[in-house]
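There are 2 protein chains.
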Amino acid sequence: MNQYCVGIDVGGTTVKCGIFTIGGLLMEKWEVPTRKEEDGKNILPDVAESLKQHLADRKIDLTDVEGIGIGVPGPVEPDGYVHICVNLGWKDHRPAKEMQELMGGKIRCAVGNDANVAALGEMWQGGGKGHDNMLMVTLGTGVGGGLILNKHIVAGVHGAGAEIGHMHVREGEQETCNCGGHGCLEQVASATGIVREAKRVLVANADASTMRDYGDALTAKDVCDCAKAGDALAEKALRTAMHYLGLALAHVSMVADPELYVIGGGVSRAGQYLIDLVQDEYAALTPLLNRKAEITLATLGNDAGIYGSARLVLGNE
Amino acid sequence: MNQYCVGIDVGGTTVKCGIFTIGGLLMEKWEVPTRKEEDGKNILPDVAESLKQHLADRKIDLTDVEGIGIGVPGPVEPDGYVHICVNLGWKDHRPAKEMQELMGGKIRCAVGNDANVAALGEMWQGGGKGHDNMLMVTLGTGVGGGLILNKHIVAGVHGAGAEIGHMHVREGEQETCNCGGHGCLEQVASATGIVREAKRVLVANADASTMRDYGDALTAKDVCDCAKAGDALAEKALRTAMHYLGLALAHVSMVADPELYVIGGGVSRAGQYLIDLVQDEYAALTPLLNRKAEITLATLGNDAGIYGSARLVLGNE
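Line order of the protein sequences matches chains A and B.
Okay, so the first sequence: first residue is 1 according to my numbering, each after it adds one.
Okay, so the second sequence: first residue is 1 according to my numbering, each after it adds one.
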């Protein structure tokens with residue numbers, strides 16, 4: 001009888017690891033440094049060694065573990081092949097197969113992209129619990145996404161499933177996005193994008209604003225705090241960012257029509273205030289829908305990745 | 001051994017019926033008038049009667065039929081319930097269950113929305129043959145869509161899956177769409193939308209154009225024909241329409257990332273010329289994708305619905 005599952009979230013600085021019951025209870029979590037030198041060849045062996053130790057400490061036999069799931073910060077092909085993962089120095093890896101071998105060759109292992117896996121984690125035990133069809137948006141330095149339909153990740157044929165950060169939503173944008181495009185959602189709704197938009201608003205308007213006190217050090221959190229405190233220019237900038245996020249979600253509804261949107265990442269710490277802004281814009285742009293999808297906050301924070309990785313190895317129930 | 005399957009495509013004027021081998025060969029097709037009077041209560045009994053006759057004529061026993069699939073022109077809930085179907089006068093129907101009873105209570109029946117079912121048909125034996133992940137766009141009076149992921153229709157939680165006609169793609173549009181929104185894809189890329197755009201271009205430009213000869217009777221086909229013949233204003237109008245279609249497909253790629261787009265409907269008779277226009281716009285708006293989805297023409301025409309309805313009752317292979 002398998003009672004446990006393991007989630008591994010490989011990041012550029014640390015690898016987060018978690019042992020879960022198959023019911024979704026996090027028993028223990030810990031971190032292992034990510035050794036990127038030598039093309040990251042030590043990363044998985046380090047994790048395997050640490051995992052064996054932690055399982056032994058808890059007297060958990062490997063036959064009691066349903067499987068080990070791994071989230072990686074880059075594209076994963078449908079068969080588990082990772083062609084390149086810049087953040088880890090990896091080229092030509094099959095993380096699931098390698099982990100299986102490192103653990104003795106028998107245990108079930110699975111791998112997925114970290115943004116997709118985080119969405120699965122929020123579905124399993126976070127803001128999306130009880131929902132089988134949802135999209136998670138992560139508003140951080142960039143804008144990431146993970147789409148879940150019928151409890152399964154939609155990774156996409158070219159690995160671009162739920163890449164909503166690179167939806168072209170803003171006509172007329174002159175600056176170039178990291179992807180080479182112009183007017184991507186990420187350029188306006190990420191933490192970086194919100195700051196850029198706020199600075200543009202400050203340049204274009206002579207009105208007083210507490211945002212001016214922060215100078216170049218202005219952060220997305222500052223913009224959110226100023227907006228909440230009633231600063232008109234901060235509110236204007238944030239409303240623009242959330243207009244484009246609402247537009248992107250409206251597009252998603254006209255493609256995949258999920259029942260729920262879960263908003264996570266650093267920017268989402270602005271809380272219900274932010275959700276209300278997005279909700280207004282989203283509702284105005286989906287007149288076709290009598291019943292709208294809900295929009296809610298993510299609840300697992302940085303643990304979403306280990307939850308989702310662990311969930312990867314469980315079945316459909 | 002079941003060798004056959006049946007596809008029924010219920011339209012507002014006629015019901016198209018087809019008997020197929022389970023390998024996808026269309027043995028026979030015919031039509032039954034759609035009797036909409038008395039809330040359309042005769043529609044399914046008429047079809048059942050006609051189907052029994054056709055099967056008897058071919059000496060096909062019902063036990064040799066794998067199942068009967070039905071496409072209906074309106075929203076279908078995941079459990080097969082049709083709350084309302086304006087085009088047929090239907091309220092509160094369960095077409096699959098009703099058909100099963102009309103056919104003696106044993107045969108497997110399934111129901112789906114007509115645009116989704118047409119996409120499934122194109123996947124099975126049309127422009128999408130051999131592809132498991134595709135979106136079909138129907139450019140007709142309106143713009144319809146059907147999304148297939150892993151060979152399954154994505155109908156959506158609120159029935160809005162692949163409603164790409166109501167993606168809000170055009171900022172600043174003043175006219176109102178049928179859905180109540182502004183700037184929907186349908187307003188510019190449907191047959192009606194292309195004509196509207198062409199007339200706007202004619203008003204805004206004093207240049208000579210052969211489109212002026214058609215007066216108010218101008219059709220989308222005329223616009224396409226003039227553009228192909230080198231008429232600059234027609235080309236300008238059509239390019240605008242295909243820009244927004246390309247933008248909508250780029251959005252779809254950043255959500256569901258299919259491998260193929262299949263373009264059907266009356267407007268698609270403009271052929272490869274139209275595909276090339278969309279392809280250019282789509283490629284320019286998806287810099288993230290090293291490998292792009294293909295864009296191709298639908299091949300089944302009005303038969304896509306019977307093919308897809310029949311395919312509904314087959315398994316995943």
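Bear in mind the hints are in silico, worked out from the structure with no lab data behind them.
Errors might be hidden in some of the hints.
[Claimed, not checked] In silico DSSO-like links for lysine-lysine, alpha-carbon gap of 30 Å or less:
{"no.": "1", "chain 1": "A", "residue 1": "K292", "chain 2": "B", "residue 2": "K91"}
{"no.": "2", "chain 1": "A", "residue 1": "K292", "chain 2": "B", "residue 2": "K151"}
{"no.": "3", "chain 1": "B", "residue 1": "K151", "chain 2": "B", "residue 2": "K199"}
{"no.": "4", "chain 1": "B", "residue 1": "K199", "chain 2": "B", "residue 2": "K91"}
{"no.": "5", "chain 1": "A", "residue 1": "K29", "chain 2": "A", "residue 2": "K59"}
{"no.": "6", "chain 1": "B", "residue 1": "K221", "chain 2": "B", "residue 2": "K236"}
{"no.": "7", "chain 1": "A", "residue 1": "K151", "chain 2": "B", "residue 2": "K129"}
{"no.": "8", "chain 1": "A", "residue 1": "K151", "chain 2": "B", "residue 2": "K52"}
{"no.": "9", "chain 1": "A", "residue 1": "K97", "chain 2": "B", "residue 2": "K221"}
{"no.": "10", "chain 1": "A", "residue 1": "K151", "chain 2": "A", "residue 2": "K97"}
{"no.": "11", "chain 1": "B", "residue 1": "K292", "chain 2": "A", "residue 2": "K151"}
{"no.": "12", "chain 1": "B", "residue 1": "K16", "chain 2": "A", "residue 2": "K129"}
{"no.": "13", "chain 1": "B", "residue 1": "K228", "chain 2": "B", "residue 2": "K129"}
{"no.": "14", "chain 1": "B", "residue 1": "K91", "chain 2": "B", "residue 2": "K29"}
{"no.": "15", "chain 1": "A", "residue 1": "K228", "chain 2": "A", "residue 2": "K292"}
{"no.": "16", "chain 1": "A", "residue 1": "K41", "chain 2": "A", "residue 2": "K52"}
{"no.": "17", "chain 1": "B", "residue 1": "K91", "chain 2": "B", "residue 2": "K129"}
{"no.": "18", "chain 1": "B", "residue 1": "K52", "chain 2": "B", "residue 2": "K36"}
{"no.": "19", "chain 1": "A", "residue 1": "K91", "chain 2": "B", "residue 2": "K221"}
{"no.": "20", "chain 1": "A", "residue 1": "K91", "chain 2": "A", "residue 2": "K129"}
{"no.": "21", "chain 1": "A", "residue 1": "K97", "chain 2": "B", "residue 2": "K292"}
{"no.": "22", "chain 1": "A", "residue 1": "K199", "chain 2": "A", "residue 2": "K129"}
{"no.": "23", "chain 1": "A", "residue 1": "K29", "chain 2": "A", "residue 2": "K129"}
{"no.": "24", "chain 1": "A", "residue 1": "K129", "chain 2": "A", "residue 2": "K228"}
{"no.": "25", "chain 1": "A", "residue 1": "K106", "chain 2": "A", "residue 2": "K41"}
{"no.": "26", "chain 1": "B", "residue 1": "K236", "chain 2": "A", "residue 2": "K151"}
{"no.": "27", "chain 1": "A", "residue 1": "K16", "chain 2": "A", "residue 2": "K221"}
{"no.": "28", "chain 1": "A", "residue 1": "K199", "chain 2": "A", "residue 2": "K228"}
{"no.": "29", "chain 1": "B", "residue 1": "K29", "chain 2": "A", "residue 2": "K292"}
Model, not experiment: these values are computed from the prediction.
Hints, one by one, checked against the model:
For the suggested pair A:K292 and B:K91, the alpha carbons sit about 23 Å apart, so the restraint of at most 30 Å is met. Note on A:K292 and B:K151: the hinted pairing holds, with a Cα-Cα distance of about 27 Å set against a maximum of 30 Å. Taking the CA atoms of B:K151 and B:K199, the gap is near 40 Å; set against the 30 Å cutoff, the hint is violated. Restraint check: the Cα-Cα separation between B:K199 and B:K91 comes to about 39 Å, which exceeds 30 Å; the hinted pair is violated.
Using a Cα cut-off of 30 Å, the hinted pair A:K29 and A:K59 holds, with the two alpha carbons roughly 16 Å apart. For the hint linking B:K221 to B:K236, the alpha-carbon distance of about 15 Å falls within 30 Å, and the restraint holds. Simply put, A:K151 and B:K129 have alpha-carbon atoms about 27 Å apart, close enough for the 30 Å limit, and the pair holds. For the given pair, A:K151 sits about 40 Å from B:K52 by alpha-carbon distance, which is inconsistent with the 30 Å threshold.
As the CA atoms of A:K97 and B:K221 are separated by approximately 55 Å, the hinted pair breaks the 30 Å bound. Of the pairs offered as hints, the one joining A:K151 and A:K97 holds, with about 23 Å between alpha carbons and a cut-off of 30 Å not exceeded. Simply put, B:K292 and A:K151 have alpha-carbon atoms about 26 Å apart, close enough for the 30 Å limit, and the pair holds. For the suggested pair B:K16 and A:K129, the alpha carbons sit about 43 Å apart, so the restraint of at most 30 Å is broken.
With a CA separation close to 29 Å, the supplied pair B:K228 and B:K129 stays within the 30 Å bound. Proposed proximity of B:K91 and B:K29 is supported: the alpha carbons are some 28 Å apart, at most 30 Å. Restraint check for A:K228 and A:K292: the C-alpha separation of about 26 Å stays at or below 30 Å, so the hint holds. A distance of roughly 18 Å separates the Cα atoms of A:K41 and A:K52; the hinted pair therefore holds under the 30 Å criterion.
Of the pairs offered as hints, the one joining B:K91 and B:K129 is violated, with about 35 Å between alpha carbons and a cut-off of 30 Å exceeded. Proposed proximity of B:K52 and B:K36 is supported: the alpha carbons are some 21 Å apart, at most 30 Å. With a C-alpha separation of about 51 Å, the suggested pairing of A:K91 with B:K221 is violated against the 30 Å cut-off. For the suggested pair A:K91 and A:K129, the alpha carbons sit about 35 Å apart, so the restraint of at most 30 Å is broken.
As the CA atoms of A:K97 and B:K292 are separated by approximately 28 Å, the hinted pair is consistent with the 30 Å bound. Under the criterion of a C-alpha separation no larger than 30 Å, the hint pairing A:K199 with A:K129 is inconsistent with the structure, at around 37 Å. Taking the CA atoms of A:K29 and A:K129, the gap is near 21 Å; set against the 30 Å cutoff, the hint holds. Of the supplied pair hints, the one linking A:K129 and A:K228 holds, its CA atoms being roughly 29 Å apart against a limit of 30 Å.
With a C-alpha separation of about 22 Å, the suggested pair A:K106 and A:K41 falls inside the 30 Å cut-off, and the hint holds. The suggested pairing of B:K236 with A:K151 is violated, with an alpha-carbon distance near 44 Å, which exceeds 30 Å. Among the hinted pairs, A:K16 with A:K221 is consistent with the structure: their alpha-carbon atoms are about 25 Å apart, no more than 30 Å. A distance of roughly 17 Å separates the Cα atoms of A:K199 and A:K228; the hinted pair therefore holds under the 30 Å criterion.
For the hint pairing B:K29 with A:K292, the CA-to-CA distance comes to about 40 Å; that exceeds 30 Å, so the pair is violated.
Hints 3, 4, 8, 9, 12, 17, 19, 20, 22, 26, 29 from the earlier list are contradicted by this structure; the remaining hints agree with it.
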